[in-house]
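Engineer: As you go down the protein sequences, you meet chains H and Y in turn.
92 is the number of the first residue of the first sequence in this note's numbering; add one for each residue after it.
2 is the number of the first residue of the second sequence in this note's numbering; add one for each residue after it.
Hints may be right or wrong, so weigh each one.
Selected chain H positions facing chain Y (Cβ under 7 Å, derived; list incomplete) [stated by the list, open to error]:
#1 F434
#2 T436
#3 I440
Hints listed in this document are in silico derivations from the structure and should not be mistaken for laboratory results.
Beta carbons are placed, not taken as given, at the ideal position from N, Cα and C, and that holds for glycine.
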Amino acid sequence: MTARHAPLGGRFISLPVVIMALFAMVAGFYLYHRFVYGLGSVTNLSDGYPWGIWIAIDLVVGTALGCAGYVMALMVYILNKGEYHPLVRPAILASLFGYGLGGIAVMIDLGRYWQGYNMMLPWLTNVNSVMLETALCIAAYITVLMIEFSPVFLERLGMTRVREKLNRFLFIIIALGVLLPTMHQSSMGTILVVLGHQLSPLWQTPLLPLFFLISALFMGFAIVIFEAVMSSVGFRRPLEGEVLGKLTGIMAWVMLGYLVLRFLDVVYRGSFGLAFDGSTQAIMFWLENLTAVIAVALVLPKANRFKPHLMFVCACMILVSGTIYRVNCYLVGYDPGDGFLYFPTVGEIMVTLGIFSLEILLYIAFVKNLPILHTPQSAYEEEHPHPAEASGSATGSAGTARPA
Amino acid sequence: MVGAATRPDPRPAESPDEFGDLDGYVGALGGLTRRDFLKFCTGIAATLGLSPAFGVTIANAATSPRRPPVIWISAQECTGCTESLLRAYHPTIESLILDHISLDYHEVLCAGAGHQAEEFKHRSMEENWGQYVMVVDGSIPTRDGGIYCKIAGETVLDIARHTAEGAAAVIAIGSCAAWGGIPASDPNPTDARPASDIITDKPVVNIPGCPPNPYNFLATVLHFLTFNELPGLDEKNRPRFAYGRLIHENCERRPHFDAGRFAREFGDPGHRQGWCLYQLGCKGPETYANCPAIGFNDVGESAWPVGIGAPCFGCTEQGIGFTKSLHSLSSVQSLTPPTAFPRIVETSDTGITPAAAALAAGIGGAAIGAGAVLASRLAKHAPAEGEGPGNEGRREDR
Numbered sequence: 092m093t094a095r096h097a098p099l100g101g102r103f104i105s106l107p108v109v110i111m112a113l114f115a116m117v118a119g120f121y122l123y124h125r126f127v128y129g130l131g132s133v134t135n136l137s138d139g140y141p142w143g144i145w146i147a148i149d150l151v152v153g154t155a156l157g158c159a160g161y162v163m164a165l166m167v168y169i170l171n172k173g174e175y176h177p178l179v180r181p182a183i184l185a186s187l188f189g190y191g192l193g194g195i196a197v198m199i200d201l202g203r204y205w206q207g208y209n210m211m212l213p214w215l216t217n218v219n220s221v222m223l224e225t226a227l228c229i230a231a232y233i234t235v236l237m238i239e240f241s242p243v244f245l246e247r248l249g250m251t252r253v254r255e256k257l258n259r260f261l262f263i264i265i266a267l268g269v270l271l272p273t274m275h276q277s278s279m280g281t282i283l284v285v286l287g288h289q290l291s292p293l294w295q296t297p298l299l300p301l302f303f304l305i306s307a308l309f310m311g312f313a314i315v316i317f318e319a320v321m322s323s324v325g326f327r328r329p330l331e332g333e334v335l336g337k338l339t340g341i342m343a344w345v346m347l348g349y350l351v352l353r354f355l356d357v358v359y360r361g362s363f364g365l366a367f368d369g370s371t372q373a374i375m376f377w378l379e380n381l382t383a384v385i386a387v388a389l390v391l392p393k394a395n396r397f398k399p400h401l402m403f404v405c406a407c408m409i410l411v412s413g414t415i416y417r418v419n420c421y422l423v424g425y426d427p428g429d430g431f432l433y434f435p436t437v438g439e440i441m442v443t444l445g446i447f448s449l450e451i452l453l454y455i456a457f458v459k460n461l462p463i464l465h466t467p468q469s470a471y472e473e474e475h476p477h478p479a480e481a482s483g484s485a486t487g488s489a490g491t492a493r494p495a
Numbered sequence: 002m003v004g005a006a007t008r009p010d011p012r013p014a015e016s017p018d019e020f021g022d023l024d025g026y027v028g029a030l031g032g033l034t035r036r037d038f039l040k041f042c043t044g045i046a047a048t049l050g051l052s053p054a055f056g057v058t059i060a061n062a063a064t065s066p067r068r069p070p071v072i073w074i075s076a077q078e079c080t081g082c083t084e085s086l087l088r089a090y091h092p093t094i095e096s097l098i099l100d101h102i103s104l105d106y107h108e109v110l111c112a113g114a115g116h117q118a119e120e121f122k123h124r125s126m127e128e129n130w131g132q133y134v135m136v137v138d139g140s141i142p143t144r145d146g147g148i149y150c151k152i153a154g155e156t157v158l159d160i161a162r163h164t165a166e167g168a169a170a171v172i173a174i175g176s177c178a179a180w181g182g183i184p185a186s187d188p189n190p191t192d193a194r195p196a197s198d199i200i201t202d203k204p205v206v207n208i209p210g211c212p213p214n215p216y217n218f219l220a221t222v223l224h225f226l227t228f229n230e231l232p233g234l235d236e237k238n239r240p241r242f243a244y245g246r247l248i249h250e251n252c253e254r255r256p257h258f259d260a261g262r263f264a265r266e267f268g269d270p271g272h273r274q275g276w277c278l279y280q281l282g283c284k285g286p287e288t289y290a291n292c293p294a295i296g297f298n299d300v301g302e303s304a305w306p307v308g309i310g311a312p313c314f315g316c317t318e319q320g321i322g323f324t325k326s327l328h329s330l331s332s333v334q335s336l337t338p339p340t341a342f343p344r345i346v347e348t349s350d351t352g353i354t355p356a357a358a359a360l361a362a363g364i365g366g367a368a369i370g371a372g373a374v375l376a377s378r379l380a381k382h383a384p385a386e387g388e389g390p391g392n393e394g395r396r397e398d399r
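Could you build the full structure based on these sequences and the hints that come with them?
Structural biologist: This is how it looks when you write it as C-alpha cells:
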C-alpha cells in the first residue's frame, strides 16, 4: 500500500467546532485574568503546590499524548515497519500540537514568564536543575517536530525543490525526533525522584524514569489508535483496521510488561500495603492500574484486537490509565506537608479544557486543508489530482517524511 | 518619651556648652580629677547616644549640691542587679550613688539596719513626697495577699504600692522586676508579677537583664537628672538607646551566621573557633539589648555571654529568657519581613469548590458518555474497509 496523503477538504464550521471554539474563548477570558491579575487570581496554586493541572495535565499528560509522533517514528523509521507509514503524518501533527500547547502551558504557568528565555542562555543555565534537561529537550523537540512536519507544508505549497533539499538531512531530524522524547519523557519521572518522601511510596521509585518512558510509549500507541478511530468516525473515512489491530496488540503487550514491572516494584519496595488503606491515594492507585488491567484483558484474545469498538475502548482506557498515572505522580501522590491542599479552580479547568479544545480545533483545520490523512488510491484522488502531483513531481506524494 | 515625671529639684536651665562651677568638678564622684570627671560624663553622653557636648551638662547635674533621693525596693530578687551595679568601675558605682544621688534606702547598701533604716525611709519619703525616684528590684508576689515576701512585717506588695504613690519616676531594674523573671516562671508558686503589673498609674521604666548592664541603668538615671525627663522608651518601656537593636545585629559572630558557619555542640571544632551559636539555642536573633556593643565588667569588648562561647539566653526579652527552652532555636527577627511585604508562605488554596468539582465531574462524565456512545456505534456498524460511506458527502462539500 503506497502512502498517499490528501487534504480532506469540506466545510470547517460545524457544531463541535463551534463548541470547541467557545471553550477556547472561555479559556482566553481566564488567561486574560491570569496575565493581568497574576496566577493567584485564577489558580489554586500555593507554595505547597506550585504546579497544578496546567503542568500535570497540559504539559505532562499533553506531551504523553504528543508521543504519537515518537512511537510512529520509532516503529516506521527505527524498527523499519513500513506498513505503519500511513499513520505517521497525523501522528506527527498530534505531537506538534501536544508539545506546542504543552510548551505554551508552561509559559502560562511560569510566574515570571518573561524571563523564560533565560534557560536558553548558557551563562544563565542552572546545570544542577533536573528541569533544565526537560525544558531544553522539549523546546528542541518542538523545533524538530516542526521540521519533521514541514514536508506537509512544502507539499501543499508545491515547493518541491526545498523539499528535496530537506530530504537530504531529514534523517538526522527524524533520529533526533526519536532521541529527544526518550530523554525528556524519562526526565519527567526523574524530576519526581528528586521530590523524595514528598511523593507517596506508591509512586516514588528509582524506576520512575523508566515508567514515564514506557507510559509515553503506550499512551503514544493509544493516541494513534484513538485518533485514527475518531477521524474515521468523524470524517466518515475508512478505518485502517488491519494496521491498527496490530498496533493494539503491540500496545497491549507493552502495557502488560509495564503492569508487571509496576506491581513488582511496589511489592518489592514493601509499599503495597498503602494500596489498601482506603485513602484517596489508594483509590487513585487502583483506578490507575485496574483500568490498565481491564484494557489489556480486553484485547489479549487476538480476535478482539481487530474489532473496532474493542480496539477503541482499549485505547481509551489506556489513555485514561496513563493520564491518571501521570496526574497521580504529579498531584495526587504528592504531599508537600504543612497541610497544603490542591484542587483546580474552575478557571484552571477551563483553561485546560480550552487548550485541548484548541488542539482538536487546529487538528481539524489542518487535516481539512493539508495533505495529512492517508487516502488509498481512490476514484477521488484520480478525479482531483493534487497540485503537487499535477506539477509533475514524483516525490510530491510518495512518503511523507520518509528519507529517500 | 515619658515626660510627665519631673525631677525633685529643677535646676535653672543650662545650655549644654555652658560650664558650671569648674572647681565644683574637682573631687566629684569619689575624688576624680576635673579632667577624669569630664571624661566620664562625656562617656556617659556617648552611651546615651548624645553629642559629647552633653557631657558638660551631665557633669553639672552630677555636681548639683542637692541630690535627688532614691528609694530602692527589693522584692523577690537575688541581689544580682545590685552586685552588677557595684561592679561598674569608671568610676565605681557606689561613689556615683552615694555622692551623686541620695540613696536614702537600699536594703543591701544601707548604713543603718532594722528599725533605724525603716525609720529613715519613712522620713525621707514624707519629706520628698512626689519627688523621689523609686527603683524596684525583683518580682512582687501577689498570691495569698502577697505574704511570701515581707519586710518589717509589711508585704512587698503593699510597700511597692505605697512607695509608688509618692514617686516622681519608677524604674524596674532586672528581668524579675521587668517581666517577672525566675520567680514568675512556671509554675509561679507565688504568682509573682512584674512591677508594671502592680504600679499601673505611673510609667515604669524597665531595665531588663539578668543582671542588666550597669551602664544602662546609670545612663537612664543620669538622663533623668540632666533633662528632667526619661529617655525614649520602646513599646515595652525599655530605654531605646540600650534596647533598640537586636543582639544579632551587633554580634561579633554575625559574619559566621551569614556565612552559615555554626557550632553544632559545645566544644566541637566550630565552637572552639568562635563560630555562630545559633544552633546551640542562642537567642540573640530575637533579643533586644546592647550587650555586644558595650560588654560587661569593663574588661574588653568580648566580655559578654556570646563573646565567651555561651549562647545568649534572652534575659532582656519578655517571653524568651526563663520562658523559652535554653537550647531551642530562636526565631530570627531580622529576617522576618514586615507585614506589608507579600507573604513568603502563600496558602491561598481554598480547596475543592462545588463549581470546580461539578465541572470536573461533568467533563469526566461527558468524556465517558461520548466514549461509550462511540464504542457502541462502532460495535453496531463498523466502518467498512476501503471505501467509506462518507465519500459522497465529502465530494459535495468540496
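Engineer: Hints first: check each against the structure and report whether it holds.
Structural biologist: These are the hints, each one checked on the structure:
1. With 7 Å as the threshold, the beta carbon of F434 (chain H) comes within range of chain Y, its nearest partner Cβ sitting at about 4 Å, so the hint holds.
2. Taking 7 Å as the C-beta contact cut-off toward chain Y, the hint placing T436 (chain H) at the interface holds, the least distance being around 6 Å.
3. With a cut of 7 Å, the hint placing I440 (chain H) at the interface with chain Y holds, because the nearest CB-to-CB distance is about 5 Å.
Checked against the numbered hints above, the structure violates none of them.
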